[in-house]
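Numbering (the working numbering), first residue to last: 2 to 372.
In short, the hints are calculated from the structure, not lab data. A quick note: this is a predicted structure, and the numbers were derived from the prediction, not measured. Be careful, since some hints might not be right.
[Claimed, not checked] Derived CB-CB ranges, DEER-like:
#1 ASP151 <-> GLU194: 39 to 45 Å
#2 GLU132 <-> GLY44: 37 to 43 Å
#3 ARG210 <-> GLU132: 28 to 34 Å
#4 ALA226 <-> PRO327: 44 to 50 Å
#5 GLU64 <-> THR223: 44 to 50 Å
#6 ARG324 <-> PHE43: 40 to 46 Å
#7 SER73 <-> GLN179: 46 to 52 Å
#8 ASP290 <-> PRO48: 36 to 42 Å
All C-beta atoms, glycine included, are put in the ideal place defined by N, C-alpha and C.
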Amino acid sequence: MADEPLVLGIETSCDETGVGIVRGTTLLADSIASSVDEHARFGGVVPEVASRAHLEAMVPTVERALKEAGVSARDLDGIAVTAGPGLAGALLVGVSAAKAYAYALGKPLYGVNHLASHICVDQLEHGPLPEPTMALLVSGGHSSLLLAPDITADVRPMGATIDDAAGEAFDKIARVLQLGFPGGPVIDRLAREGDPSAIAFPRGLTGPRDAPYDFSFSGLKTSVARWIEAKRAAGEDVPVRDVAASFQEAVVDVLTRKAVRACKDEGVDHLMIGGGVAANSRLRALAADRCERAGIRLRVPRPGLCTDNGAMVAALGAEMVARNRPASDWDLSADSSLPVTETHVPGQGHGHGHTHDHDHVHEVSKDNLYS
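Let the sequences and hints guide you as you build the complete structure.
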C-alpha cells in the first residue's frame, strides 16, 4: 500500500469546499465545508457567495484533511483539483489554492474533470472500476450517461439532459411546494409516505423517435407546477406527499430505464450511478431492481461520496499518477464548461519537468510552511 500514490484532491465546483486524501484506492480523509445554509435564503446557489465561502474555508479544510489522514503535506505524491465544469469563480478558488500548494511543495498538479471524478470515486468503495464502465451521473447541474473505457483518458458521452438537470428539477418543485432548499432530500423523505402512482406525470423523451439516451425534465417540472397551481386555484389542498412521490417516480423511471437500455445496447454488464441525486433512495431501489432483472451489476457509492467532495478528485488524481498521465502546467485555468471528454488538463511537458530547486522563494516557502 505504501507504494500506491498519495494524492490530495480539492473540489470547489459549486457550494462545497471538499478536500480529500487518497492512497491508491483507499480513502484516508474526506473533509467538507458546505455553504448550503448561506444559499438557502436565496432559494439556490449564489456564485459570489459560494466563491467567498470557498476562500474562507480552503486552508482550514486542507489542514483538517491532512490531520484526519495522519499524513504530512510533504508526503503527498500530487495535488489534484477540479478544473471544470462548474461555477467559474468557485472553480478559480480551488485551482488557485491547488497551484499554491503544489508549487510550495514541489509536487505535480493535476487539473481533473468534475464528472469523471464522480465516476472514479466508486473505486474508493467497490474497488477498481471495470473497463468499460457505464455511468449515470445525476446532480443539480448534470444528468449524463457516460461510457468510460478508461477513466483517465477515454470517457464518451452517450446522452445528457437537453434542459433542466434532475437535481435542478427537484429544487424547483420543492420551491413550488414551499419545502425549502435544497429540494432533493425533503422530496425523497416525503415521497416515502406518498403514492407514486397517484398522479400520471409525463416521462420526457421516451417516445420511439426521441434520442434514446438524452433526458428532459423541463416539461415534467412545468406539468407538476401547473397541477399544483390548478389545485390551489380551485381552493383545494395539495396532497404534497403524493405529488412528491409521483414527481420523483417520473424522474427516476426515465433515468433508470435509459441507463439500463444503454448498458444492454453497448454490451456493458456494469452500471455505476453517481452525483448528488444518486443519494435518492427511490433511484437506488429502482435501479437495483431493474439492473438485477437485466443481469447488470450495479455500483452506487454511499450517499456521502455521491455529493460533491474532495475524495472523488483525489481518487481520479491518484489514478492519473498510477497510470503516469501527464501533470498539468502552472498556467492551468478553471474551465466552467470543460467537456467530459477531457478527463484532465494535461501540460505541454514543461510544467513539471523539474521541481524548481533553483527558485529561492519556492525553497523558502517550502521550508517555512511545511517543515
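These are the hints, each one checked on the structure:
Between ASP151 and GLU194 the Cβ separation comes to about 44 Å, which falls inside the hinted range of 39 to 45 Å. A hinted range of 37 to 43 Å holds for the C-beta pair GLU132 and GLY44, which are about 41 Å apart. Range check, ARG210 to GLU132: Cβ separation about 33 Å, and the 28 to 34 Å hint holds. The hinted range of 44 to 50 Å is satisfied by ALA226 and PRO327, whose Cβ atoms lie roughly 48 Å apart.
The hint said 44 to 50 Å for the Cβ distance between GLU64 and THR223, and at roughly 46 Å that hint holds. In this structure the hint that ARG324 and PHE43 lie 40 to 46 Å apart at CB holds, the actual value being about 41 Å. For SER73 and GLN179, the Cβ-Cβ distance of about 49 Å falls inside the hinted range of 46 to 52 Å, so the restraint holds. At roughly 38 Å, the beta-carbon separation of ASP290 and PRO48 lies within the given 36 to 42 Å, and the hint holds.
No hint from the list above goes unmet by this structure.
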